[in-house]
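Protein chains in written order, with this note's numbering: chain A, 1 to 103; chain B, 1 to 164; chain C, 1 to 391.
Don't read these hints as lab results, they were simulated from the structure. Beta carbons are placed, not taken as given, at the ideal position from N, Cα and C, and that holds for glycine. Heads up, some of the hints might be wrong.
[Unchecked claim] When the alpha-carbon atoms are kept at most 20 Å apart in a straight line, the in silico SDA-like pairs for lysine to any residue are as follows:
1) B/Lys110 with A/Ser6
2) C/Lys156 with B/Thr147
3) C/Lys156 with B/His26
4) B/Lys110 with A/Met1
5) B/Lys110 with A/Ser68
6) B/Lys110 with A/Arg26
7) C/Lys156 with B/Leu72
8) C/Lys332 with B/Thr147
9) C/Lys332 with B/Gly74
10) C/Lys156 with B/Lys110
11) C/Lys332 with B/Leu71
12) C/Lys156 with B/Asn23
13) C/Lys332 with C/Gly343
[To be verified] Partial list, computed: chain C residues near chain B (C-beta under 8 Å):
14) Asp127
15) Ser130
16) Phe134
17) Ile166
18) Gly201
19) Tyr202
[As the list claims (entries may be wrong)] If you anchor each label on the Cβ, the simulated ranges turn out as follows:
20) C/Val10 with B/Ile2: 30 to 36 Å
21) B/Leu96 with C/Leu31: 40 to 46 Å
22) B/Val141 with C/Gln60: 16 to 22 Å
23) C/Gly57 with B/Gly46: 51 to 57 Å
24) C/Arg349 with B/Pro116: 19 to 25 Å
25) B/Gly46 with C/Ala19: 44 to 50 Å
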Amino acid sequence: MTPLQSCLIVSALLFAIGLGGALARRNAIIVLIGIELMLNAANLNFIAFWRFAPHPPAQTGIVFVIFSIGIAAAEAAVGLALIIAIYRHRRTTRLDQINSMRG
Amino acid sequence: MILFGITALVMLASSIAAVALRNLVHCALAVGLAFAGLAALYLQLGAQFAGFAQVLVYLGAVAILIVFAILLTGGSEPQREPLVSPGSWGGLVVALGVFIVLAAVILSSKSTAVPPGAPPPASVRQLGEELMTRYILPLEVLGLLLTAALIGAVIIAMREPEPD
Amino acid sequence: MAEGLDQVFVRLKQWLIGAVPGHWQPLVSALISVAAILAVFAGLFAITTVLERKGLGRIQNRYGPNRVGPWGILQPIADGLKTLTKEDVVPSGADRVVHFLAPLVLVVAAFLALSVLPLGRNMVAVDFDSGVLFFFAVGAATELAVFMAGWSSRNKYSLLGAMRAIAQMISYEVPLILSAVAVLMYVGSLSTVQIVEAQGGYSGWLPRWHVLTPWGFAGFVLFMIAAAAESNRSPFDLPEGESEIIAGYYIEYSGFKFALFFLGEYIGMFAVSGLAITLFLGGWQAPLPFLEVVPSSLWFFGKLLALIFVFIWVRGTLPRLRMDQLMNFAWKFMLPLALLNIGVTGVWRFMEPGWPRWLVCAALIVGPYVLLGRALAENQGLGRRTYKYGD
């Protein structure tokens, strides 16, 4: 296995873990953690390709990761604010109990 | 290579813990460890700035936000329900399938089987110059997005005034 | 002669490294740096505790420790023995693993932050290309450690203290980083070594330290206020307010773990003061040309002791803030001024040197400072304090 392949396998595993957590657990916060892990798996791919690709076009990989980190921060802030707002209405963060449109 | 393996193992183990533990606060701490492990991987790959930014944003902001959300939603006590609800074993199967497909593609693809070259240059100065010239528009858009997210998060989480 | 004296530690390290085979040299080099930092700053911690108690005693018109050794200077040894031999109590409801890990994470993060500070000419443990970012990144890890301590103790006071501490640290991290950004922008580098080197030399008889410019002075003051809040020092010591929540997040810690928290807090204070010295006070540079014979590391530690004295002085002088005052101060006052300071730095960078530059930049800072202060004071009815019964 080349170093690039091992990086990609690690990131695929991380993605699968995040996906499994997001799909199988019922707690909204765990789902959000799973989504963050999937985003991070993508970031690891960008860094790996930037490092090992035959013709690294300047700093594109790192720049993309930095943008992605910034966007993930925004996503986490809004997502957790939503969870808190829902908790105020329903007194629960379990996704299978948040199933009606009426508040 | 050995160092890479150890870091990757720690990172993957703590990310499994992050989605599989019963106590939500333990999940949050485990995800913090996973973020730190990822930053260590970035450092080993030579992406110093991205690694430190990862620690600063994920460990210093996202993990803390998750912890705050857990405490504000009363989730700090261990959950009593089954870890995987009966209807969602399918989710795990899907995740496993996705991993198998991805791994097969990665291992069979010719474009990933390249020998490692020399590490590309990664000085902060170059990065800054690229951000300020070639990527200036995305940077501005990101600033706008962060401002919007800031305002949006405050408005969503703000306690609504009691109707009289 | 002066050159040799200055570089004596560097030479010593090179000599020690030269004595081992080439394969082991990087490891030995790292070990020597780590050992030096641990020894020097642990010693400084011991000195600071006794200085602080003596200084506070003087401010409060009493003696302070004066029983152990001459003038009480051996007090830290007695304190250390006491904490080492005390029983380590863990509450029965506590989360034992997290309770154990919290002080370790705090101390490790605090010591890691020291590794990027240039303690003298050629004396830096690691010269990262993005050293300042590394400093703030490991600083972020201490927030998680504080939360771990507060939550794992299963005590409402410790959880309250941790929540206060995290809210305060996140709020003050913003002005702290923004006031550092002005320097980074002016120097054009994130490397601590290059930032210190950029402040070398003299214009006239004034050293080219950043603190001696209008934007640098404003940035330094903002940075030090935010630094006091980041390291939970008085007047921002709400997280551990003894009179309200007993001791905050480390209420349930005793013995050696408590000592570790104490150490972590002080090391954090040294680290952030060291960064202030690096960014604004010229690092290890001497203030006047003829003083350059004094070894550079002495200048660094002299400046560090001066800043520590300021911290002690402030602690003995100012009362503790209230939570809403703390938050308002960070978000409504320090954040706008720090943002403005970045703009003023740009103006300073692109104006011709001379007195008009000084005038314009000083006016740009002092004007908004006065206006903002007035507006905030009027809004909250915070006029001059009136005493109902005192007269």
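> Looking at the structure, which of the earlier hints fail to hold?
Replying inline: 2, 5, 6, 9, 10, 11, 14, 18, 19, 22, 24, 25
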